[in-house]
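Can you build the whole structure from these sequences, using the hints too?
In order, the protein sequences belong to chains Y and U.
Numbering-wise, the first sequence is residues 0 to 323 according to numbering that gives the first Met the number 0.
Numbering-wise, the second sequence is residues 0 to 323 according to numbering that gives the first Met the number 0.
I should point out that these hints are in silico values taken from the structure, not numbers from a laboratory.
Treat the hints loosely; a few may be bogus.
Examples of chain Y residues lying across from chain U (beta carbon under 10 angstroms, computed) [said to hold, decoys possible]: (1) 92; (2) 158; (3) 163; (4) 164; (5) 171; (6) 172; (7) 174; (8) 209; (9) 244; (10) 255; (11) 280; (12) 294; (13) 298; (14) 301; (15) 303.
A short, non-exhaustive set of chain Y residues, derived as facing chain U with CB atoms under 10 angstroms [what the hints assert, rightly or not]: (16) 28; (17) 135; (18) 165; (19) 184.
Note that this is a predicted model, so its numbers are computed, not measured.
Idealized CB from N, CA, C, for every residue including glycine.
Spelled out from the first residue to the last, the chains are:
Number of protein chains: 2
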Amino acid sequence: MEQQSLKPYVIGLDLGGTNSVFGIVDSRGEIKATTAIKTQGYEKVEDYVDASVAALQPVIEEVGGIDKIKAMGIGAPNGNYYSGTIEFAPNLSWGRDGIVPLAKMFEERLGVPVALTNDANAAAIGEMIYGVARGMKNFIVITLGTGVGSGIVVNGQLVYGCDGFAGELGHVIMRRENGRSCGCGRSGCLEAYCSATGVARTARELLATTDRPSLLRELNPEEITSLDVSIAAGKGDELAKEIYEFTGRMLGEACADFAAFSSPEAFIFFGGMTKAGDLIMEPIKKAYDENVLNIFRGKAKFLVSGLEGASAAVLGASAVGWEV
Amino acid sequence: MEQQSLKPYVIGLDLGGTNSVFGIVDSRGEIKATTAIKTQGYEKVEDYVDASVAALQPVIEEVGGIDKIKAMGIGAPNGNYYSGTIEFAPNLSWGRDGIVPLAKMFEERLGVPVALTNDANAAAIGEMIYGVARGMKNFIVITLGTGVGSGIVVNGQLVYGCDGFAGELGHVIMRRENGRSCGCGRSGCLEAYCSATGVARTARELLATTDRPSLLRELNPEEITSLDVSIAAGKGDELAKEIYEFTGRMLGEACADFAAFSSPEAFIFFGGMTKAGDLIMEPIKKAYDENVLNIFRGKAKFLVSGLEGASAAVLGASAVGWEV
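What follows is the structure, given as structure tokens:
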């Protein structure tokens, strides 16, 4: 006979730069119900929380009401595990300029305990418990989405650092001279080149500075997305392939530096851009092999998240909730 | 009454690119006797081990003979804690081209168990147990010697990675275009600029490519050392001050990237070049503040090793010995 907990579920929230995905998760990691809202478009964080709670209400009812919910876990950009806050998140319209006590706000609105961590850390926990990192003690998850994030696991533990903000590998500097401006206020960050928006910028730059033919010229340059580039590359478009080649090479060079730090067993790529498959993974591996210190060569695996869509992030966020 | 162990001492060996310093250490971290040999100048590792054992013999006798020795701990460049080997160490004439089972070799010659780790990891253990990192859970030791090494502590544990080689921060790439060649076979590494030999190279470059006056022009360019540059800077030599400014700035920029990885409570600098004091520490701190992601600004301490000379490394190496 299965033991029934009085509060058998946690809410996991994968708070991304574009979408916020909620899942009601049981203790075996099964997602019982989901809902989602847009992350942006709210002037104030209060409006975002209102919209979240409104979207959550029906799915909470679906599993038997708030009394069945033990806690909530949130994975969010610039999320701080120690304080439950989001601090100076450059990609969030309502979280850019200060410290947002999001865990506390949800706690007050829902009446359940809420824990929060970096979105990429949540993905790393998800991969470690349910995904391709099962059994690994040293690995790095790199999330390729609106921004570039990372969750670093060393000796089987997430690296939070002295302040809860460790693992901001999207903001190592890849171009020290004439680097692209980044949402963080600096220049030359990995994220400015290798995020989905970075890929679109690369496309616009190449279209504007060359007269090479490309399927991408049929699109309004301002509206080009990384998905458009991926589709064009899939059709054999040379310029589009070169954009992914450039992006992958820079990621591979960055991973070579990360190996010098924590010598991980694997780099695990996560997020929408991994749908480009070999288009991006092959140049990553090639550039890594060409750039990594010889003692590390050939050791690290390069993997794509094995969990469907946003599941890893939602499951990871929910895992944080179980620990409340 | 103090409990007397039958084997009250360990041998600590700080194996540097230039000198190998041995210390006989008791369980309270007191160094009872020391000796040293040059690390280089041996064709084969067997000759190096012979010279080491010959130098050790009298100090071992001094503390009562080999029966009083519990174990030996070694801190060495490219040292691997897991396997007790030194692998492809670019700065060691007898360790450059392969895998040297140094722990096993000393074990067979001395008849005591021998453990080995990266020299910078040993320094980090020394700082954590006896030095300025006491009580810290997250810090990075950066060793500025013949090369640039690092020992990284996360959640109170040394970062060894999947293969025992994590923490090679001297080999992150700081110049991706036209970088200086490095002993590791690649180009643009931090070590090629910010090691003692890197500082001397910067001096030679500036003397050769400008006609600016400098006290350093009185020296044979091929024989200039980082100490010469430090002495000239101390006398107010503008060119020499600029060399340390350049070196410190690059270290500060590198530390800004390292913060994005593990957000340490402190960066601890260790090794001969720290004798330059503010000449190097001030530009490090300034460049760090100017380059670090805003969420990290003002958080990390910048410290110089509090342990005299090679003590931290010898004590750290000995601590590895206690754990055998």
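Each hint tested on the structure:
Interface hint status for residue 92 of chain Y: violated, as the beta-carbon distance to the closest one in chain U is roughly 18 angstroms, over 10 angstroms. The criterion of a C-beta within 10 angstroms of any C-beta in chain U is met by residue 158 of chain Y, whose closest approach is roughly 5 angstroms, and the hint holds. The interface hint given for residue 163 of chain Y is met, as the beta carbon of that residue sits about 8 angstroms from the closest beta carbon of chain U, less than 10 angstroms. Taken as an interface hint, residue 164 of chain Y checks out: its beta carbon lies about 5 angstroms from the nearest beta carbon of chain U, inside 10 angstroms.
Below 10 angstroms, beta-carbon pairs count as interface contacts, and residue 171 of chain Y has one with chain U at about 4 angstroms; its hint therefore holds. At its closest, the beta carbon of residue 172 of chain Y sits 6 angstroms from a beta carbon of chain U; the interface hint therefore holds under the 10 angstroms criterion. Hint status for residue 174 of chain Y relative to chain U: holds, with the closest Cβ pair at about 8 angstroms, below 10 angstroms. Among the interface hints, the one on residue 209 of chain Y is violated; its C-beta lies about 21 angstroms from the nearest C-beta in chain U, farther than the 10 angstroms criterion.
Look at residue 244 of chain Y: its Cβ only gets to about 16 angstroms from chain U, farther than 10 angstroms, so that hint breaks. Below 10 angstroms, beta-carbon pairs count as interface contacts, and residue 255 of chain Y has one with chain U at about 7 angstroms; its hint therefore holds. Against a cut-off of 10 angstroms between C-beta atoms, the interface hint on residue 280 of chain Y is violated, since the closest Cβ of chain U lies about 20 angstroms away. For the restraint placing residue 294 of chain Y at the interface with chain U, the shortest Cβ-Cβ distance is roughly 5 angstroms, inside the 10 angstroms limit, so the hint holds.
For residue 298 of chain Y, the suggested interface contact is upheld, since its CB lies about 6 angstroms from the closest CB of chain U, less than 10 angstroms. With a cut of 10 angstroms, the hint placing residue 301 of chain Y at the interface with chain U is violated, because the nearest CB-to-CB distance is about 14 angstroms. Interface hint at residue 303 of chain Y: violated, since its Cβ lies 19 angstroms from the closest Cβ of chain U, which is beyond the 10 angstroms cut-off. Interface hint at residue 28 of chain Y: violated, since its Cβ lies 25 angstroms from the closest Cβ of chain U, which is beyond the 10 angstroms cut-off.
At about 8 angstroms, the closest approach between the beta carbon of residue 135 of chain Y and any beta carbon in chain U falls short of 10 angstroms, and the interface hint on this residue holds. Among the interface hints, the one on residue 165 of chain Y holds; its C-beta lies about 4 angstroms from the nearest C-beta in chain U, closer than the 10 angstroms criterion. At about 7 angstroms, the closest approach between the beta carbon of residue 184 of chain Y and any beta carbon in chain U falls short of 10 angstroms, and the interface hint on this residue holds.
Of the hints listed earlier, those the structure fails to meet are numbers 1, 8, 9, 11, 14, 15 and 16, in rising order.
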